[in-house]
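Here's the letter readout for the chains.
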Amino acid sequence: MREVIKQVTVKELYDILQAKSKKPVSREDFLFQLMNSFLLSPALELRFHDREKANIDLIYVLKHSEIANALEPEQKPPAPRS
Amino acid sequence: MLIDVTLCRGRIQQALLHKEAIVFGMTRGPHKDNLKPDKEQVELSREISKLCWRLLEGPADIFWDDDVGEVMARYEKESGSRPKEPANFWPLWTIEDAIVWIRKQGCDVHAVYQFAETGHADIYFRLEDGNLAFEKGGNLLDALLTFILKKLKSGAECEKS
Chain A
1 MREVIKQVTV KELYDILQAK SKKPVSREDF LFQLMNSFLL SPALELRFHD REKANIDLIY
61 VLKHSEIANA LEPEQKPPAP RS
Chain B
1 MLIDVTLCRG RIQQALLHKE AIVFGMTRGP HKDNLKPDKE QVELSREISK LCWRLLEGPA
61 DIFWDDDVGE VMARYEKESG SRPKEPANFW PLWTIEDAIV WIRKQGCDVH AVYQFAETGH
121 ADIYFRLEDG NLAFEKGGNL LDALLTFILK KLKSGAECEK S
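Protein chains in written order, with this note's numbering: chain A, 1 to 82; chain B, 1 to 161.
Errors might be hidden in some of the hints.
[As the list claims (entries may be wrong)] DEER-style ranges, computed between Cβ atoms:
1. 95/B <-> 20/A: 20 to 28 Å
2. 3/A <-> 108/B: 38 to 46 Å
3. 4/A <-> 68/B: 23 to 31 Å
4. 108/B <-> 54/A: 48 to 56 Å
5. 118/B <-> 58/A: 48 to 56 Å
6. 2/A <-> 65/B: 16 to 24 Å
7. 103/B <-> 44/A: 43 to 51 Å
8. 104/B <-> 9/A: 43 to 51 Å
9. 1/A <-> 129/B: 52 to 60 Å
10. 122/B <-> 63/A: 39 to 47 Å
11. 66/B <-> 44/A: 22 to 30 Å
12. 24/A <-> 96/B: 40 to 48 Å
13. 99/B <-> 12/A: 39 to 47 Å
14. 65/B <-> 3/A: 46 to 54 Å
[Unchecked claim] SDA-like, lysine to any residue: derived pairs with alpha carbons at most 20 Å apart:
15. 11/A <-> 54/A
16. 20/A <-> 67/B
17. 104/B <-> 152/B
18. 20/A <-> 72/B
19. 22/A <-> 68/B
20. 20/A <-> 149/B
21. 23/A <-> 104/B
22. 63/A <-> 59/B
23. 23/A <-> 69/B
24. 20/A <-> 69/B
25. 104/B <-> 59/B
26. 22/A <-> 12/A
27. 6/A <-> 23/A
28. 104/B <-> 65/B
These are calculated hints, taken from the structure and not from any lab test.
Since this is a predicted model, take the numbers as computed values, not measurements.
Cβ coordinates follow ideal geometry from the N, Cα and C atoms, glycine included.
Build the full structure now, drawing on both the sequences and the hints.
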């Protein structure tokens, strides 16, 4: 089986998952699940295997710093001054 | 789930960003010599994982299970349609892990007595201050893990006070 490795961001991985998953999953849920995976196996990188391809093991690599960045609370734009 | 993610979120993020090695999470797949840990080891490892973690240098394999609708740990061996053995599951220490951790804390194993009849082990540890501490367990690993757990608990209490 051929192994294809691609480095991705959390957002890219989420978009890939959204496209292939039959059930919709919210970004918050996905992040929570990634966190859970990280808690169970706190590795320097998470390797997400795309199991759909028959002869290719397509692996999306997510660096742990990426997960950390994804956990940053979204920056809200400053409220306009009146 | 091992840890309340919502409570630890900030701490996890801080550790991730700073690549802290021994802040939280000691997790690894079962060692080849330790494929069938006893209940005691599983419990001790679980307790330790709540207090101490370590980033794994190797990758953690995951996949999306569309049936369950969740990210799952990828399994090493697959038979039929359902996977059986997890590639990366949770925290099981090996004897080597335990000794490395103990030495990193400035302690060391001073003397070990393992009893052939029962298999249980008595271990004397040399502490940072040179004093000796005694620990016993159903086997070597149990005794090492019990020592680690007590050390982590006393460390956590010191931090609180």
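Checked hints:
{"no.": "1", "hint": "95/B <-> 20/A: 20 to 28 Å", "result": "42 Å, violated"}
{"no.": "2", "hint": "3/A <-> 108/B: 38 to 46 Å", "result": "42 Å, holds"}
{"no.": "3", "hint": "4/A <-> 68/B: 23 to 31 Å", "result": "25 Å, holds"}
{"no.": "4", "hint": "108/B <-> 54/A: 48 to 56 Å", "result": "52 Å, holds"}
{"no.": "5", "hint": "118/B <-> 58/A: 48 to 56 Å", "result": "51 Å, holds"}
{"no.": "6", "hint": "2/A <-> 65/B: 16 to 24 Å", "result": "23 Å, holds"}
{"no.": "7", "hint": "103/B <-> 44/A: 43 to 51 Å", "result": "22 Å, violated"}
{"no.": "8", "hint": "104/B <-> 9/A: 43 to 51 Å", "result": "33 Å, violated"}
{"no.": "9", "hint": "1/A <-> 129/B: 52 to 60 Å", "result": "55 Å, holds"}
{"no.": "10", "hint": "122/B <-> 63/A: 39 to 47 Å", "result": "44 Å, holds"}
{"no.": "11", "hint": "66/B <-> 44/A: 22 to 30 Å", "result": "27 Å, holds"}
{"no.": "12", "hint": "24/A <-> 96/B: 40 to 48 Å", "result": "44 Å, holds"}
{"no.": "13", "hint": "99/B <-> 12/A: 39 to 47 Å", "result": "41 Å, holds"}
{"no.": "14", "hint": "65/B <-> 3/A: 46 to 54 Å", "result": "21 Å, violated"}
{"no.": "15", "hint": "11/A <-> 54/A", "result": "25 Å, violated"}
{"no.": "16", "hint": "20/A <-> 67/B", "result": "13 Å, holds"}
{"no.": "17", "hint": "104/B <-> 152/B", "result": "13 Å, holds"}
{"no.": "18", "hint": "20/A <-> 72/B", "result": "16 Å, holds"}
{"no.": "19", "hint": "22/A <-> 68/B", "result": "11 Å, holds"}
{"no.": "20", "hint": "20/A <-> 149/B", "result": "43 Å, violated"}
{"no.": "21", "hint": "23/A <-> 104/B", "result": "46 Å, violated"}
{"no.": "22", "hint": "63/A <-> 59/B", "result": "9 Å, holds"}
{"no.": "23", "hint": "23/A <-> 69/B", "result": "7 Å, holds"}
{"no.": "24", "hint": "20/A <-> 69/B", "result": "12 Å, holds"}
{"no.": "25", "hint": "104/B <-> 59/B", "result": "23 Å, violated"}
{"no.": "26", "hint": "22/A <-> 12/A", "result": "18 Å, holds"}
{"no.": "27", "hint": "6/A <-> 23/A", "result": "24 Å, violated"}
{"no.": "28", "hint": "104/B <-> 65/B", "result": "39 Å, violated"}
Hints 1, 7, 8, 14, 15, 20, 21, 25, 27 and 28 from the earlier list are contradicted by this structure; the remaining hints agree with it.
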